[in-house]
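Residue strings, one per chain:
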Amino acid sequence: MSSAAPKILVTTTEVTDVTPMIKRFRFAAADGGPLPSFSGGAHVIVEMHDGSVLRRNPYSLMSPPSQTSSYTISVRRDDAGRGGSRFLHREVGPGSTLTISRPVNLFPIDWRARKHLLIAGGIGITPFLAQMTQLLAAATPFELHYAVRSREQGAYVDELEELYGDRVSVYCGDRGTRVPVDDLVADQPLGTHLSVCGPTGMMEWVLSTARAAGWPEHALHHERFLAPASGKPYVVTLALSKLSVPVSEQQSMLEAIEAAGVPAPYMCRGGACGECETTVLACDGTMLHNDVFLSAEERASGTKIMPCVSRFEGRSLVLQR
Amino acid sequence: MAIQFKDETFRDDFTFSNSPAAIRRFPFPFHEDRYMYAVNIEPHAPGPAGTAYEHPIDVDEHYVAEMRDRALVLAEDPLRCQSLPHMTLAGWDVLELLMEAQAGSYPDHFTLERDGDRWHWINRPLGIDDTFTFGDHSTLLYGPMEYITRQSQGDFVIVDQRDGQLWMDAGMVTTQADWSLDFDIGMNFMEWHGPVPLAHELGVFDRALKFLLNIRQGAPVRRLNWTMTIHPRLDTSPENYHRWGPDRTAVTPDTVGDLVHLRVELQSFWRLPRSNAIVFPIRCYLISMNELVTIPKWARRLHRVLDTLPQELADYKGLSRYRADTVEWLSRFDDGAPTSPGFFPD
Amino acid sequence: MLVKGIKSRPVYATLAARPGRAHLFVAGGEGAAAILDLAAIAPRSMWADARIVHVPGASAGQEFGRQLAGLGVRSYDERPTITAALPLLRDWLDGARMGTQLYLAGTEVLIGRAMQVALDAGVDHSAIQAEHRGSLARRVQCVHCKGITEDVRTQPVRCASCGLMLLVRDHYSRRYGAFMGVNIDAEDPGDVPPIEEPFA
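Residue numbers (our numbering), protein chains in the order written: chain A, 12 to 332; chain B, 97 to 442; chain C, 3 to 202.
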């Protein structure tokens, strides 16, 4: 079953330079009504018509969930990426209309936690901005440890210190300070939950340190979307639609299927939620699984693939679409 | 279009009955002449006018009487309504959902005025007129989930979504078909479904869980569940089983029409915005055999469904003792003619 | 005519060493042997950070006690009953930090009761390991009066609080640390199946 929820047409009301690489975009509902409330950690899929390419990228909502007059996202320009962030930076200004999905949350707050230890790296701060407003309102103890390259390049450092006082610790790479993960994970009361969002390497380091210190898996949370990988172009065959669909270097399999006019279910578009799971009918080559959803057994079976982020190399891949 | 609310009981003298209109809008759960488990989930889109599916949250002629019965159950056993400490935010989400739905669909009976966080709620059938601050527990008589579910028909279960599982962490459960909120609260989806026979082997729960984990805001879904009850008794809880269980032995060939009731649950599943939890309304409908056979298609079909039901299902649903008498009684209304596909009366 | 043989009873595993800053053990009767089995394969270094509370029970417990005390643990305590052991567990958990591993070994009753204490203290159930050793005797909660009947070995059993005869189901609540008991003769008063001892 695919997404049945109607999408939302929004108008861009404000674009602000936050740092040299980061812009903040504020959106209001095009019909002037309230936007749906949401849970901190949620993201929306933003649709962008970039010439002939239709992009759909997820961005975390950073505005307070209780504020329904507008949504705010912050986007770091990634010159080496597939072009979504460059498009937003270059093409979207006040008055631009876009279509967004309803909020979806793959990084929710665990409300049982007696304390939240939040660790952010760079643009990974965005989901925590929304979460902290809810934690503050609920009077749940939390600490934010925020690693930035420098104060100038760190988004919202001043605002965070002002809003949350000594709950916030900022670590500037240019001054050689790092988040003291070993010390932090060694000294938390029972019932603390750790959430981390930032570059993949940083998240891996924080999580493996916590696991080695004996933290149980259910107390560790991380924002799990991945951008679709790029790679060599290939062709995928859709058995039910009787189509051969070329997938270009920067295009995901899911995007190519959609561009061919074949409806395919999706939700997160980031390899995490399972909604786009597709049956593989035949494979002569290698599937490059880039998701975090399929189990090792499922990958080994060769019968499933997640087209939103995974790719293929070889002679022939036939999908049940 | 105001509803005429009935004054009737679901215990003691059991004066409950359905008007002819209520009979026709009954959510008959069988679309064919046999029954087997399936993940029978579909989008909870507005259904045909005049059916139980028309509105997102259904309020019918039994509303006032059901709320009165709920209050009696809670007075006897407060453990029927519980919310684990971390579920209060979800409770506010449920309060918003039910108030908006009831006021939106039944403006003659319910009004909701919102001014920022100051809300004004009027429930005319129950004589309630309250102003409160959304999000502030101290301004409501009960916690938000209890407050609103004392004014909404059917049971409500709120599940928290964590660690790739769903956890039953809050609920108002006074019209259940034989399961205990107090015992099951805190269990996950697989654990609380433990007692259901056959379905685990079929992989029904694995598929259902995967689907429910991906439910989105603005896209609720629904399914039907069914069992049978002797007398129109709403409170068929395990807690009171030693009181209502003996009713099953009261059925004789002459009393089937009056005593045996088809009990249908219209279940829906909604993603909640601020908490990311899922609320699961379980709306219970009852119809006696006498009332049901006034719809000829349903009389034929129910006869055939009960006649062919696997024994394990009959045992699990508690029908075994009176199944034979009921099938025999219904057979008088089954001339063997074909039945049209689908649930609705011809 | 109630359904039997349902699928929601807990399943226990074999204790395994996990990384952590503190290792807390609660063992009863033959459960001590589970800890000794673990000691045979676990890294020696973990024992310096371990605490054990042991409810020896029958005489074999004395021998186990000697061996457990000899593991070089941070503390080793004995208590005469589960009830007497739980306050010590509560104390340990009171000052505990994240990274504390909990290991339970013994009867289902010991496991269930220790787990209740741990969950109340904020330990996630994925940080708790449980290995079943010894008797299958259960705690049963009567769904009608909510009373708990201890040390149940028979099927059915009479509720110790309200006197109803109860079918002992396999449906288990972690919160209560007990299995559900439902009136077995509601529909045929007095018609009770012969009493057997499946949970000896």
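Honestly, I wouldn't trust all of these hints.
Unchecked claim - Within a straight-line C-alpha distance of at most 30 Å, the following computed DSBU-like cross-link-like pairs (lysine-lysine) qualify:
| id | chain 1 | residue 1 | chain 2 | residue 2 |
| --- | --- | --- | --- | --- |
| 1 | B | K306 | C | K148 |
| 2 | B | K306 | A | K253 |
| 3 | A | K253 | A | K315 |
Stated by the list, open to error - Incomplete in silico selection of chain B near chain C, CB under 10 Å:
| id | residue |
| --- | --- |
| 4 | L170 |
| 5 | E172 |
| 6 | R220 |
| 7 | S276 |
| 8 | D280 |
| 9 | I281 |
| 10 | G282 |
| 11 | E287 |
| 12 | W288 |
| 13 | E335 |
| 14 | T345 |
I should point out that these hints are in silico values taken from the structure, not numbers from a laboratory.
Don't be surprised by glycine CBs; every beta carbon is placed ideally from N, CA and C.
Here is what the structure says about each hint:
1. For the hint pairing K306(B) with K148(C), the CA-to-CA distance comes to about 34 Å; that exceeds 30 Å, so the pair is violated.
2. For the hint linking K306(B) to K253(A), the alpha-carbon distance of about 29 Å falls within 30 Å, and the restraint holds.
3. At most 30 Å may separate the alpha-carbon atoms for a hinted pair to count; K253(A) and K315(A) meet this at roughly 19 Å.
4. For L170(B), the interface hint is violated, the least distance from its beta-carbon to any beta-carbon of chain C being 16 Å, above 10 Å.
5. Interface restraint check for E172(B): the shortest CB-CB distance to chain C comes to about 12 Å, outside 10 Å, so the restraint is violated.
6. Restraint check, R220(B) versus chain C: the minimum CB separation of about 38 Å is more than 10 Å; hint violated.
7. The beta carbon of S276(B) comes within 6 Å of a beta carbon in chain C, closer than 10 Å, and the hint placing it at the interface holds.
8. Checking D280(B) against chain C: minimum C-beta separation of about 7 Å stays under 10 Å; hint holds.
9. A least Cβ separation of about 7 Å between I281(B) and chain C falls short of the 10 Å threshold, and the interface hint therefore holds.
10. The beta carbon of G282(B) comes within 5 Å of a beta carbon in chain C, closer than 10 Å, and the hint placing it at the interface holds.
11. A distance limit of 10 Å between C-beta atoms decides the matter here; for E287(B) the minimum to chain C is near 5 Å, and the interface restraint holds.
12. Because the smallest distance between the Cβ of W288(B) and any Cβ of chain C comes to about 8 Å, under 10 Å, the interface hint for this residue holds.
13. Of the supplied interface hints, the one on E335(B) holds, with its beta-carbon coming within about 6 Å of a beta-carbon of chain C, less than 10 Å.
14. Taking 10 Å as the C-beta cut-off, the interface hint given for T345(B) holds, the closest approach to chain C being about 6 Å.
Violated hints, in rising order: 1, 4, 5, 6; the structure is consistent with all others.
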